[in-house]
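Participant: Now for the letters of each chain:
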Amino acid sequence: MSFLSVRNLSVHLRGGPPLLRRVSLEVAAGEVRGLVGESGAGKSMIGKAILGILPDAVKVTGGQIFLGGTDLMALAPKDRRRLIGATAALIPQDPLTALNPSRRIGGQITDRLVDILGWDRTRADTRALDLLAEVQIPDPDRVLRSYPHELSGGMRQRILIASAFAAEPKLIVADEPTTALDVTVQKQILRLIAAMQARHGTALLFVTHDLGVVSKVCRTLSVLYGGMVVEDTTVRDFFRGPAHPYSAALLAATPRYNDPGASLIPVPDAVIDAVRAEAGARHA
Amino acid sequence: MRDLYRVENLRLTVADMTRKPLFGPAPRLEILKGLSFTIQKGSVVGIVGGSGSGKSTLGRALVRLLEPSGGAIRFGGTDITHLDEATLRPLRRRFQMIFQDPMSSLNPRHRIATIIAEPLRLHGFTGIDAAVARALDHVGLPQVMSTRYPHELSGGQRQRVGIARAIAVEPDFILADEIVSGLDVSSQAQVLNLLERLVRELGLTLAFISHDLSVIRRLCARTIVLKRGEVVEDRDTAALFATPHARYTRELLDAIPLPDPDQPWD
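Quick note, the sequences are listed as chains A and B, same order.
Take the first sequence: its position 167, counting from 1, is numbered 167 in the working numbering, and each next residue is one higher.
To convert a position in the second sequence, counted from 1, into the working numbering, add 1000.
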């Protein structure tokens, strides 16, 4: 079985509509799976459900999430948090809001090692230094003593990557980790994430709206619309010709600088109507 | 073609409050470091660069939301560099702006018709209702939208309202600052197609600020690349993409992930 296995996961806004409709996906050790879709498709919601950080008003109403073979839903909340904390981590979108502005970087990396894994301070500090070197931060000693505002956006994102890999998780959820960055910095960060993932053999679930990014870092992908997986395929097959009309429409709406003459086709209403009907028919 | 804008050695500094001593003035931080370029009437110019390159500051100087600290901006023959607000007022109809985030640039308490009518009223137009209806038509929004509030519209529709408000007063120039970066690809495609059509039909002169080179390539005939407040390249878009002269332009192009797994990306 894959390290992460999500089966028929349904999530509802309390007293409201379904946000995820029987979502199933697998991520094996060492696999990078892209989770793509437009805003509101539910891609971040899947990541949050897996990490147990859904907003209070959102509840899991069906299905199962297996981490390393253990069904998270079958665990008591405390045990669930411990298992997630020990085996999974998040690389968040906005490196500025994800870091505490009033604390130095060092403690923010070592907290989880000390609090969740019970490491002693010295061991955690050494690990933090090694990690900063691994994510190619020059002068790691100084950076550990810095505050977030003293560092650039790219530097902050490197720190969050280091932090995510700190406890050697088996699974990392990266939620639009480069959306806030310049393209040149984005490229460095994506290559860094890919290199770290390959070296550590981590399973990576990569949430993004950017099909260009997917084609560079992922091997498999799930396309979402309206809280439903409309296509589960390999990156190679997807870019050779997506199977679902909605996926094909998404690709046709994406501009490419090397093909400026191609007409840019917004997702046609007929495709939206069809995929909506499909989602509506899938009882969550 | 006639130059609509003529920008010469444009400089703009702001007070660097992070380095302000407790007493005394803050040191000046130079954002724009002597830019020179022209924008011809009827052309579509892309302005691209990384964050902090000064592209938004440049845009805001062009429509005189900011006052330059040196150099000159001539608009249609008039030097607008240091004009005071009262003198600028009648000129403002002629250069309009579309903002990045329609949710914060459209008044949430006003109906769409009121939002589009506001600049028409300010500039003393008559036949405002008809002008609002025309503007909605131009951007492809149904007339029923005029009684809605911004929150009732989708992101793409809200951005169309921003465009309708800008074109309603029949300006000579429109500045669009990252107007598609908050949109999904489908809405982005709609807005880009709309802009292409408006440029054709209304003969708009457009400066389009974006960090996305694929969008610039699609829409703009000419591209200005900014880096740290300086123009590093200013050329015909097709030529610039085919053979970038500046190293920075090359770096930007190489960094774009095309939706194609076979594109070399190292």
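None of these hints come from the bench; they were simulated from the model.
Source: prediction; values computed, not measured.
Beta carbons are placed, not taken as given, at the ideal position from N, Cα and C, and that holds for glycine.
Please note that the accuracy of each hint is not assured.
To be verified - Once the Cα atoms are required to be at most 25 Å apart in a straight line, the calculated SDA-like pairs of lysine to any residue come out as:
{"id": "1", "chain 1": "B", "residue 1": "K1033", "chain 2": "A", "residue 2": "G153"}
{"id": "2", "chain 1": "A", "residue 1": "K59", "chain 2": "A", "residue 2": "P101"}
{"id": "3", "chain 1": "B", "residue 1": "K1227", "chain 2": "A", "residue 2": "Q188"}
{"id": "4", "chain 1": "B", "residue 1": "K1227", "chain 2": "A", "residue 2": "D94"}
{"id": "5", "chain 1": "B", "residue 1": "K1033", "chain 2": "A", "residue 2": "S152"}
{"id": "6", "chain 1": "B", "residue 1": "K1020", "chain 2": "B", "residue 2": "G1052"}
{"id": "7", "chain 1": "B", "residue 1": "K1020", "chain 2": "A", "residue 2": "L151"}
{"id": "8", "chain 1": "B", "residue 1": "K1227", "chain 2": "A", "residue 2": "R256"}
{"id": "9", "chain 1": "B", "residue 1": "K1227", "chain 2": "A", "residue 2": "V183"}
{"id": "10", "chain 1": "B", "residue 1": "K1020", "chain 2": "A", "residue 2": "R145"}
{"id": "11", "chain 1": "A", "residue 1": "K48", "chain 2": "A", "residue 2": "R82"}
{"id": "12", "chain 1": "B", "residue 1": "K1227", "chain 2": "A", "residue 2": "L151"}
{"id": "13", "chain 1": "B", "residue 1": "K1020", "chain 2": "A", "residue 2": "V183"}
{"id": "14", "chain 1": "B", "residue 1": "K1227", "chain 2": "A", "residue 2": "K48"}
{"id": "15", "chain 1": "B", "residue 1": "K1227", "chain 2": "A", "residue 2": "S152"}
{"id": "16", "chain 1": "B", "residue 1": "K1033", "chain 2": "A", "residue 2": "V185"}
{"id": "17", "chain 1": "B", "residue 1": "K1227", "chain 2": "A", "residue 2": "N258"}
{"id": "18", "chain 1": "B", "residue 1": "K1020", "chain 2": "A", "residue 2": "P148"}
{"id": "19", "chain 1": "B", "residue 1": "K1020", "chain 2": "A", "residue 2": "D56"}
{"id": "20", "chain 1": "B", "residue 1": "K1227", "chain 2": "A", "residue 2": "M155"}
{"id": "21", "chain 1": "B", "residue 1": "K1020", "chain 2": "A", "residue 2": "S152"}
{"id": "22", "chain 1": "A", "residue 1": "K170", "chain 2": "A", "residue 2": "G107"}
{"id": "23", "chain 1": "B", "residue 1": "K1227", "chain 2": "A", "residue 2": "T179"}
{"id": "24", "chain 1": "B", "residue 1": "K1227", "chain 2": "A", "residue 2": "I137"}
{"id": "25", "chain 1": "B", "residue 1": "K1227", "chain 2": "A", "residue 2": "P138"}
{"id": "26", "chain 1": "B", "residue 1": "K1033", "chain 2": "A", "residue 2": "L83"}
Stated by the list, open to error - These stretches of chain A come out as covered by chain B in the derived footprint (C-beta under 8 Å, 3 or more residues):
{"id": "27", "segment": "87 to 95"}
{"id": "28", "segment": "228 to 239"}
{"id": "29", "segment": "248 to 258"}
Unchecked claim - Derived CB-CB ranges, DEER-like:
{"id": "30", "chain 1": "A", "residue 1": "E168", "chain 2": "B", "residue 2": "S1181", "range": "31 to 39 Å"}
{"id": "31", "chain 1": "A", "residue 1": "P268", "chain 2": "B", "residue 2": "D1129", "range": "28 to 36 Å"}
{"id": "32", "chain 1": "B", "residue 1": "T1243", "chain 2": "A", "residue 2": "M1", "range": "27 to 35 Å"}
{"id": "33", "chain 1": "A", "residue 1": "Q64", "chain 2": "B", "residue 2": "L1202", "range": "35 to 43 Å"}
{"id": "34", "chain 1": "B", "residue 1": "Q1040", "chain 2": "A", "residue 2": "G15", "range": "27 to 35 Å"}
Participant: Provide an ascending list of the numbers of those earlier hints which the structure does not satisfy.
Facilitator: 2, 13, 14, 19, 26, 27, 32, 33, 34
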